[in-house]
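K.L.:
Letter by letter, the chains look like this.
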Amino acid sequence: MCQIRLDNVQKRFGDNPILSDIQLTVEAGEFCVFIGPSGCGKSTLLRLIAGLEDTSAGNIHIDGVRVNDLAPAKRDVAMVFQSYALYPHMTVYDNMAFGLRHLKLGQAEIDRRVRAAAESLHLAALLERKPGALSGGQRQRVAIGRAIVRQPKVFLFDEPLSNLDASLRVKTRVEIARLHRSLGRASMIYVTHDQTEAMTLADKIVLLKPLAGQDGVPSIAQVGHPLELYHHPRNRFVASFIGSPSMNFIDATLQHAGADGLACSAGGITLPAAADARTLPAGSSVTLGIRPEHIAVGQGPLKGRVIHLEHLGEHSYAYLETPLGATPLIAKLSEQQAAIGDTLPFALPAPHLHVFDAEGDALPRLSRHDVTPAALATH
Amino acid sequence: MTSQTLTSAAPVRPSSAESSLQRSRQRTAWLLVAPALVVLLAIAGWPLLRTIWFSLTNAQLGDLTQLQFVGLDNYIGENGVLRDAAWWSAVANTLRFSVISVTLETLLGLGVALLLNTPSRVRTLLRAAVLVPWAIPTIVSAKMWSWMLNDQYGVINVLLQSLGLIDHPLAFIADPDLTFFTIILVDVWKTTPFMALLMLAALQMVPSDCYEAARVDGVPRLRVFSHITLPLILPAVLVAMVFRALDALRVFDLIYVMTSNSRLTKSMSVYVREQLVDFQQVGFGSASATVLFLVIVLFTAGYMAFTRRRMQGV
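Residue numbers (the working numbering), protein chains in the order written: chain L, 1 to 379; chain Z, 1001 to 1314.
Just so you know, not all the hints are guaranteed correct.
Claimed, not checked - SDA-like, lysine to any residue: derived pairs with alpha carbons at most 20 angstroms apart: (1) Lys74(L) <-> Leu1230(Z); (2) Lys104(L) <-> Arg1310(Z); (3) Lys130(L) <-> Tyr1211(Z); (4) Lys209(L) <-> Leu1230(Z); (5) Lys130(L) <-> Leu1222(Z).
Said to hold, decoys possible - One side only, chain Z facing chain L, incomplete, derived with CB under 7 angstroms: (6) Ala1129; (7) Asp1151; (8) Asp1209; (9) Cys1210; (10) Val1219; (11) Pro1220; (12) Arg1221; (13) Arg1223; (14) Val1224; (15) Pro1231; (16) Pro1235; (17) Glu1274.
The set of hints was computed from the structure by calculation and includes no laboratory data. For each residue, glycine too, the CB sits at the ideal point set by N, CA and C.
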């Protein structure tokens, strides 16, 4: 068992708050991804867990032991750095063996571990090379191998794929997922700014938001299963960060709220939405949100003029100019052929509309979407 | 037409190395280095050739026009420099001085560099302060140390006596047992900062994430130093050592100012000056200067061959 628990962790650099009020549990064997825009402190949080930075307040427990005052080496973690941090003057073999040699494991055991890791990472033929003679993807795998041979309780990955090209990134992503399955009991914490990596790898996503110098605001915007964050964002920040292209937002005024939904008006048009707004008085400002793939194009009471098209092969995105607001809506088109200048009918289906209050907090949705217990259990 | 020009100029095809673009690049390169070459020939090449010419004659400093060609007499003749015991004693002194001082300076410089490399508020100030001994002209520091080490009124003797470490003043510069040690001490004091700064620059080039990776892996500090830091800064340390060794082989001012006529500390350069100026033997002096030059050329060539092999080995 190697649960990681962070209790009210704070980090400041001088007067500048970087992380505040971090309350988080990563369960044994879980794959947890820290994601957020640059400057949100996700790498700092990872370094706090590794012990490369000290917390300003709060406690970190690994496997039930408070590790605040333990040196990184005593925490039984292994880290894969963004820059790989390979020792340039050592061969691949020595790079992997170096972290073991002081442990008095015996030459045979070190050799067994290094060769096993090299085998599983397809590095066996490269053991005598130096990092300078390896490609980016190979260096990446050496860095992962160096972590594996230590057989730690926790793996920490700091943006491990960010220096790889797109196709290699997808390949390595799959390898990391496979590695996690094969290691079974080890927990993994993975920092990335790439939401595809986060969505595809994570059992649990921790979305952090930049504090930008504010004090007393929790850093974590939302924690949950990837689909939970996708379908039930807790606030506008989460809704806009998760999903690409980003969710469309429409400013609206609440007209009426009831147990079965609400009605609001945007640009003089009345729109129903399946959310519970009974806590808000009529006339409050709200923001409607809808993802591009949920806009039903081709039928419906609303009309939008196509001002720009992005063809991605399998589908296209249309930028629709509508009376609902000044910002064009991005809608996903699957089959329809559209041209710039066309006027298309569309609808904003009430069950797919997200509603946020003036503070940006999401109102409870009346229908749960796609995040069934069965869907969660498969992960 | 355009595509043809492009392919012929492309560097991927070595067979077309003599393309017009490449020729014009080479012309520009020669043009750019020409001024430096001319200056070098004038200030280094000409005096060197002149020295080599004089070394083959019996020229005297009093009248350089009255000279006769004597072949290699000044080198290997009966009274040639290579048969002079005083020359060989100067060679031994110089080598001893170079090996001991460069070793001490390297070790101390590494220590100082490691101290300066630890993060601290006063680091910038210390880095500047460390340079002071290096910035002082050698003549000034040699004189300063001569006075400080004087056996009658030197401050060092007073200090050592008041601390009870010695019971009578030591003649650091005059005592045959101490002069060599004193010369080395002053040289180390003066040039350790140079070594420290070169090594500090090398230390700062070591990627910090290598250290962090070793920290997470729990590698002991001494092992990190011997297996990561040292191998990574070694090339820079070697360069610094060679620079210092070349300087040390030509050592003159320090020894001349502090112990000008002592046989015990006479270096090759001091010997050369003595022959040229004191004894007025321009021919013989030039021969010894040429031998000194050859020693340094050999040393440099050896070093270059060594580094070239190292670079190819990587």
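K.L.:
Hints first: check each against the structure and report whether it holds.
P.N.:
Hints, verified against the model:
1. Between the alpha carbons of Lys74(L) and Leu1230(Z) the distance comes to roughly 25 angstroms, so the proposed pair goes past 20 angstroms and is violated.
2. Of the supplied pair hints, the one linking Lys104(L) and Arg1310(Z) is violated, its CA atoms being roughly 32 angstroms apart against a limit of 20 angstroms.
3. A threshold of 20 angstroms between alpha carbons decides the hint, and for Lys130(L) with Tyr1211(Z) the separation of about 18 angstroms falls inside it, so the pair holds.
4. A hinted pair counts as satisfied when its Cα atoms are at most 20 angstroms apart, and Lys209(L) with Leu1230(Z) does not qualify at roughly 41 angstroms.
5. Distance check on the hinted pair: Lys130(L) and Leu1222(Z) sit about 23 angstroms apart at the alpha-carbon level, beyond 20 angstroms; violated.
6. Nearest Cβ of chain L to the Cβ of Ala1129(Z): about 27 angstroms, over the 7 angstroms cut. The hint is violated.
7. Annotation: interface hint on Asp1151(Z) violated; nearest CB of chain L at approximately 50 angstroms, more than 7 angstroms.
8. Of the supplied interface hints, the one on Asp1209(Z) holds, with its beta-carbon coming within about 4 angstroms of a beta-carbon of chain L, less than 7 angstroms.
9. Below 7 angstroms, beta-carbon pairs count as interface contacts, and Cys1210(Z) has one with chain L at about 5 angstroms; its hint therefore holds.
10. Given the 7 angstroms rule on beta carbons, the hint for Val1219(Z) holds: about 6 angstroms separates it from the nearest Cβ of chain L.
11. Hint on Pro1220(Z) holds. Least Cβ distance to chain L is approximately 6 angstroms, under the 7 angstroms limit.
12. Given hint, Arg1221(Z) at the interface with chain L, is violated; its Cβ is 11 angstroms from that chain's nearest Cβ, farther than 7 angstroms.
13. Look at Arg1223(Z): its Cβ gets to within about 6 angstroms of chain L, closer than 7 angstroms, so that hint holds up.
14. Below 7 angstroms, beta-carbon pairs count as interface contacts, and Val1224(Z) has none with chain L, the closest being about 10 angstroms; its hint is therefore violated.
15. Taking 7 angstroms as the C-beta contact cut-off toward chain L, the hint placing Pro1231(Z) at the interface holds, the least distance being around 5 angstroms.
16. Annotation: Pro1235(Z) was flagged as interfacial toward chain L, and the flag is violated, the nearest CB pair being 10 angstroms apart, outside 7 angstroms.
17. With 7 angstroms as the threshold, the beta carbon of Glu1274(Z) stays out of range of chain L, its nearest partner Cβ sitting at about 47 angstroms, so the hint is violated.
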